[in-house]
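*Asks:* These protein sequences, in sequence, are chains E and D.
Quick note on numbering: the numbering used here labels position 137 of the first sequence as 137, and the sequence is numbered without any gaps.
Quick note on numbering: the numbering used here labels position 88 of the second sequence as 88, and the sequence is numbered without any gaps.
Some hints here could point you the wrong way.
Restricting the straight-line Cα-Cα distance to at most 30 Å, the calculated cross-link-like pairs of lysine-lysine (DSS-like) are [said to hold, decoys possible]:
{"id": "1", "chain 1": "D", "residue 1": "K127", "chain 2": "D", "residue 2": "K184"}
{"id": "2", "chain 1": "E", "residue 1": "K24", "chain 2": "D", "residue 2": "K127"}
{"id": "3", "chain 1": "D", "residue 1": "K184", "chain 2": "E", "residue 2": "K24"}
For each label pair, taking beta carbons as the anchor points, the in silico distance ranges come out as [to be verified]:
{"id": "4", "chain 1": "E", "residue 1": "S273", "chain 2": "D", "residue 2": "V32", "range": "51 to 59 Å"}
{"id": "5", "chain 1": "E", "residue 1": "R79", "chain 2": "D", "residue 2": "T34", "range": "34 to 42 Å"}
{"id": "6", "chain 1": "E", "residue 1": "K67", "chain 2": "D", "residue 2": "I256", "range": "33 to 41 Å"}
{"id": "7", "chain 1": "E", "residue 1": "I64", "chain 2": "D", "residue 2": "I256", "range": "44 to 52 Å"}
The following residues of chain D were derived to be distant from chain E, with all beta-carbon distances above 12 Å [what the hints assert, rightly or not]:
{"id": "8", "residue": "M49"}
{"id": "9", "residue": "P74"}
{"id": "10", "residue": "Y81"}
{"id": "11", "residue": "T141"}
{"id": "12", "residue": "G155"}
{"id": "13", "residue": "I212"}
{"id": "14", "residue": "A218"}
Just so you know, the hints here were simulated from the structure itself, not pulled from any lab data.
Glycine residues also receive a C-beta, built at the ideal position from the N, C-alpha and C atoms.
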Amino acid sequence: MASVATGVALPRAVAGPRRALHFKGYLLVLPAVVYVLALLGFPLVLGIWYSLTDTTVARDGHFIGLKNFVEAARDPTFRLALRNTVIIAAVATAAKITLSVALAFLMLGAFRGRSVLRTLFVLPWTIPVALSTIAWKWMFHSQFSVINWVLLKVGVIDQGIQWLGTPIPAMFAVILVSTWRAVPFGAIVIMAGLTALPADVIDAARVDGASWWQRFSQVIVPLIAPILFIAILFDLIFTLTELTVVYLLTGGGPVDQTQVLANYALQVGVPGSQLGLGAAIALFMLPLLLFMTVMALRTIARREGMA
Amino acid sequence: MIAESLPRDAGSRAAWRVLGLSRWQRGTTLRVITLAVYTLLTVFPFYWMIITTFKQNSDLYSETNNPLWFNAPPTLDNVTYLLEQTRFLTWMWNSLVIGIGVVIITLITAVPAGYALARLRLPGAEKLGIAIFATYLVPPTLLFIPLTRVVHTLGLQNTIWSLVLVLPTISIPFSVWLLMGFFKNVSFEIEEAALVDGATRAQAVFHVILPISRAGLAASGMFAFAISLQAFLYPLVFTSSTAVKPVTLGVVTDLIRGDLFYWGSLMAGALLAGLPVAILFNYFLDDFVEGITAGSSK
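Generate coordinates for the entire structure from the input sequences, incorporating the hints supplied.
*Replies:* Following this line, the structure appears as structure tokens:
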């Protein structure tokens, strides 16, 4: 923003009346704002309204207060979905951040083949998630799983694992695919953060006689903390509301053991036609998501030098 | 832009130094091995897609064959099935039309907004910019239920136009943010010089600002296109007929008939539809990261 604040004042003759310019300026912003308000803001409000009514596909609903939320809270499948959503988000996010930082450091500096490696590493993140998930589903196949074949050959297991048919391996599979897909993105964001660090600041902060872990946690982490924080919040928001991996990989099974809120909302709301209840399930996380969004934006605003 | 004034990757070299790792240690076998293992995990699913695509069914569905290599001659049967027995080409076409529609809507709305917010010194412009960006963080899973009603009311259910209409809600917020960054980096003197020379502001924008910012326009456009191809939930909810599905949905729904998965053709479809998107995305990755990290290099 510095360039705007200190920019040379426009010559009066060409600047025109400031207020008219501002008015035109806001007019230019209007289409984007209207579009987003109409197709994102309005549905969000409508969804909140639905969650407070007994709306179904067939009829408009009546206001029933928090009954949908109470009903959801009593529903064992909902509780399972809530539990799984939290577990997947917590484990996957921890794994993603750890691996992203590790990969970012491994990729630092210039070495031969780096750009080729980078192109390969980002593949999981750049291919549409539905298509990679279906490939993983085939790798986890009940009869022809290549993962089982390799594990059997190496001798790690002596009989094939029913990856998607047993609760814990199925959760593992969901978390693995989610992590596999997201690590490149995290790594690239962190790499961007590291590359942009001023070298003299890091050198000045060098602590002699400390272990590499101490130096890592006391010098590097504080320096990349803001970017790490944004990356974690973004990832949590998208992991908590993730649907595609579960929908395609396990369908929430076996018997809802990998069910998550977004997928359950889809089942209740679309094939089940209970729009009100479905909206309530989908929006259950809204307060938490709003909180995380505000935190992320405050960090971004600080980086932009506004706050 | 501190990063540009320093030797490339100075920050990362300093990061290594502070950990006390010498140049020699950075190149140690451990690092090479770790990277090799990681590469293997990253690319194996893609290898698996490729080898499955070209395997004969008898080879594919055998518990004794080595699944990692061809035990029978490679075949194009799965690709042929995909192209001739499914609507794969229709789905690709649908995705293309949807993508182009989303790009047009995104650029028409995001370019003026990004320009005004970055350059017209509007009171509250930064806050408004961040507010628009915030909507990028509203996930489709919160919106698809009420949106089905909106799409239905507009009579767009089960058409590709429902997706052309709805998907820009994801791409506009991010593109506005991305373009704000690009427009801010164009020097004010250049625009003012054009204005002093008697150009109208519109002429200055079209002849000076936009040509200079074409990398940003390209990045926004490609981002909008990639987003529309990545989408899964909205297509799943808004389109149901085979003829109107985009490719990501068509491949993973129409090649599964009840309990029967056409794995060979599924992988062929994933490969043929997925790789172009992945390559496209890779091209403007740096711009995308720049947008996400929001001025980390300032």
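*Asks:* Are the Cα positions of D/K127 and D/K184 separated by 30 Å at most?
*Replies:* Given that 30 Å is the threshold and the Cα spacing comes to 15 Å, the pair holds.
*Asks:* Does the no-contact call for D/G155 survive, Cβ to all of chain E over 12 Å?
*Replies:* holds, 15 Å
*Asks:* Does 51 to 59 Å hold as the CB distance between E/S273 and D/V32, or does it fail?
*Replies:* holds, 56 Å
*Asks:* Could you check that no beta carbon of chain E comes within 12 Å of the beta carbon of D/A218?
*Replies:* At about 16 Å from chain E, D/A218 clears the 12 Å cut-off, so the statement holds.
*Asks:* E/K67 and D/I256, beta-carbon distance inside 33 to 41 Å?
*Replies:* holds, 37 Å
*Asks:* Any Cβ of chain E at or closer than 12 Å to D/T141, or is the non-interface label fine?
*Replies:* violated, 4 Å
*Asks:* Given a hint of 44 to 52 Å, does the C-beta separation of E/I64 and D/I256 actually sit inside it?
*Replies:* About 38 Å separates the Cβ atoms of E/I64 and D/I256, which means 44 to 52 Å is violated.
*Asks:* Run the C-beta distances from D/M49 to all of chain E and say if the shortest one exceeds 12 Å.
*Replies:* violated, 5 Å
*Asks:* Beyond 12 Å from every chain E Cβ: check whether that's true for D/Y81.
*Replies:* holds, 16 Å
*Asks:* Just to be sure I understand the hint, the distance between the Cβ atoms of E/R79 and D/T34 should be within 34 to 42 Å; is that true here?
*Replies:* holds, 40 Å
*Asks:* What's the verdict on E/K24 and D/K127, does the C-alpha distance respect the 30 Å limit or exceed it?
*Replies:* Judged against 30 Å, a Cα distance of about 18 Å means the pair holds.
*Asks:* Once the closest CB in chain E is found, is it more than 12 Å from D/I212?
*Replies:* Nearest chain E Cβ is 14 Å from D/I212, so the label holds.
Hints 7, 8 and 11 from the earlier list are contradicted by this structure; the remaining hints agree with it.
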